[in-house]
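Protein chains: 2
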Amino acid sequence: MPIAISDSDDPRIEAYRAVRERDLVGREHRFVAEGEVVLRVLARQSRFAPESLLLAENRVDSLRDILANLPSDVPVYTANRAVMDAIVGFPIHRGILAVVRRAPLPPVEELLARLPERALVVGLVGLANHDNVGGIFRNAAAFGADAVLLDSETCDPLYRKAIRVSVGGALVVPFTRAPSADAMVQALVEAKFDVIALSPSGKETLARLERSPRAALLLGAEGPGLPADLLARTRTVSIPMSGGFDSLNVATTSGIALHHLAGTK
Amino acid sequence: MPIAISDSDDPRIEAYRAVRERDLVGREHRFVAEGEVVLRVLARQSRFAPESLLLAENRVDSLRDILANLPSDVPVYTANRAVMDAIVGFPIHRGILAVVRRAPLPPVEELLARLPERALVVGLVGLANHDNVGGIFRNAAAFGADAVLLDSETCDPLYRKAIRVSVGGALVVPFTRAPSADAMVQALVEAKFDVIALSPSGKETLARLERSPRAALLLGAEGPGLPADLLARTRTVSIPMSGGFDSLNVATTSGIALHHLAGTK
Chain A
1 MPIAISDSDD PRIEAYRAVR ERDLVGREHR FVAEGEVVLR VLARQSRFAP ESLLLAENRV
61 DSLRDILANL PSDVPVYTAN RAVMDAIVGF PIHRGILAVV RRAPLPPVEE LLARLPERAL
121 VVGLVGLANH DNVGGIFRNA AAFGADAVLL DSETCDPLYR KAIRVSVGGA LVVPFTRAPS
181 ADAMVQALVE AKFDVIALSP SGKETLARLE RSPRAALLLG AEGPGLPADL LARTRTVSIP
241 MSGGFDSLNV ATTSGIALHH LAGTK
Chain B
1001 MPIAISDSDD PRIEAYRAVR ERDLVGREHR FVAEGEVVLR VLARQSRFAP ESLLLAENRV
1061 DSLRDILANL PSDVPVYTAN RAVMDAIVGF PIHRGILAVV RRAPLPPVEE LLARLPERAL
1121 VVGLVGLANH DNVGGIFRNA AAFGADAVLL DSETCDPLYR KAIRVSVGGA LVVPFTRAPS
1181 ADAMVQALVE AKFDVIALSP SGKETLARLE RSPRAALLLG AEGPGLPADL LARTRTVSIP
1241 MSGGFDSLNV ATTSGIALHH LAGTK
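Protein sequences appear in the order of chains A and B. To convert, note that position 251 of the first sequence is 251 in the numbering used here; the numbers rise steadily by one, no gaps. If you want the numbering used here, it's the position in the second sequence, counting the first as 1, plus 1000.
Next comes chain A alone, as it looks inside the complex (with noise of 0.2 Å):
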């Protein structure tokens, strides 16, 4: 049964207050995921299970197929939307929000050693903004990667928006951040994974790139790219362009490279 919610300084509600100021400063056990889409990935199959939810009272009706599989023990709040702006500290379109609990990241080693014998991982490195990121664990969830791999530079996937643009992806796809790059690939090495750089300079080129069963595809910030003493110790890998407009955003170069690894055998 939804738990009507009139006052805005209800403390049961307290973690759904001021969502953005939260953000900013980084949420360390829980964070907040918001909208349908999303919901319904959190509900159905995420890594993650809610602890509660605040729903605008309008909204409640179109989400009864989800409210009733969700384990009893979680709160739904309702509230309308007068409420329920004053609560979250802004304009909250989509009257959806949820708080989750995070899950502990487990080290790459630990993560790595789980997968199968063929495996299809993406490693990012110096990845700081959240629309990118998002959008390559769409990519990574719609071609069936099996993991994610992110160093200590590359933002955090379970941001608010980073979740809405990867529409739940990132609830889906399992993650864990290296202590550094350097760490990554060689944990991705001694797990004998084919670690694959792309790079405007790499020396193969994507099209024709034969993949091993354990692949990883390792990505660079648009802009500064992957670290020189990273490329000189990985095969480095190409996506030729037109003359002249040598620029691809690099979640769009995910999709590109992981359609190509997912469909190669």
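Be aware that a few hints might be false.
One-sided excerpt, in silico: chain A residues whose CB lies under 8 Å from chain B [to be verified]:
no.	residue
1	Gln45
2	Arg138
3	Asn139
4	Gly169
5	Val172
6	Ala207
7	Gly244
8	Phe245
9	Ile256
10	Gly263
Short derived list, chain B residues pointing at chain A, Cβ under 7 Å [unchecked claim]:
no.	residue
11	Ala1068
12	Leu1070
13	Ala1207
14	Met1241
15	Gly1244
16	Phe1245
17	Ser1247
18	Gly1255
19	Ile1256
20	His1259
Covered by chain A, per the in silico footprint, the following chain B stretches (three or more residues, Cβ under 8 Å) [what the hints assert, rightly or not]:
no.	segment
21	1139-1147
22	1248-1254
Calculated directly from the structure, the hints in this document are not laboratory data. Note that the structure is a prediction, hence the values are computed from the model and not measured. Where a beta carbon is used, it is the ideal one built from N, C-alpha and C, also for glycine.
Chain A is already provided as a structure; the job is to place chain B on it using the hints.
Leaving out everything else, chain B in the frame of chain A:
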């Protein structure tokens, strides 16, 4: 020689006033481009020529090379940040704007008739999102597409944000508008293009598709996709995805498909 503007009401910079409001109603004869990356494309390889520039004083030095190569009848106005913000109507962080004259849009048949025997065209149907249209133009430029065709529902690629997301690609790849998606397909068929419609229900798989010398890639909006009557008249192609997560961004989809089509004989 740059012309210093000290009064935001100066009639010479009339075209830069209230940029956002004018973007919203649309500009019939001109458009506004912003930022250094876009200005470099505009100066070097664009199909369009600027009528004038408006630069923040502190940006002039880093653009000397561009300014030196501008035709001498293109006025370059400069202003301090406060005056520039007052002209434009919001804080214009990039400090670089150009007003550019549009070119007339040729009939689709005329644009297609100009293309070489081997040609790659992108057709957009019902794409109302500027980020997606900008992203598609970026990919079209990166993979050397010869032209983009827009149906009447697809938004303006020369909208400020679409140009920015395209990293200038919207200024490079020739485009025009068809009266309808039907008319677009008919013109493509008459010009001997193999019309490839991307759809989750497509009968062929992209990775196995062999392209014809003249290939046209049709893309519809995420969600509705391409209309059924159009799919019935074209070669339909899908991108296989992982179970339960059948979702790619349409700009990413264009990148995957153009990479395949540009690379195959």
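Consistency of the hints with the structure:
no.	hint	verdict
1	Gln45	6 Å, holds
2	Arg138	7 Å, holds
3	Asn139	6 Å, holds
4	Gly169	7 Å, holds
5	Val172	7 Å, holds
6	Ala207	5 Å, holds
7	Gly244	6 Å, holds
8	Phe245	4 Å, holds
9	Ile256	5 Å, holds
10	Gly263	5 Å, holds
11	Ala1068	20 Å, violated
12	Leu1070	19 Å, violated
13	Ala1207	5 Å, holds
14	Met1241	5 Å, holds
15	Gly1244	6 Å, holds
16	Phe1245	4 Å, holds
17	Ser1247	5 Å, holds
18	Gly1255	4 Å, holds
19	Ile1256	5 Å, holds
20	His1259	5 Å, holds
21	1139-1147	holds (count 5)
22	1248-1254	holds (count 5)
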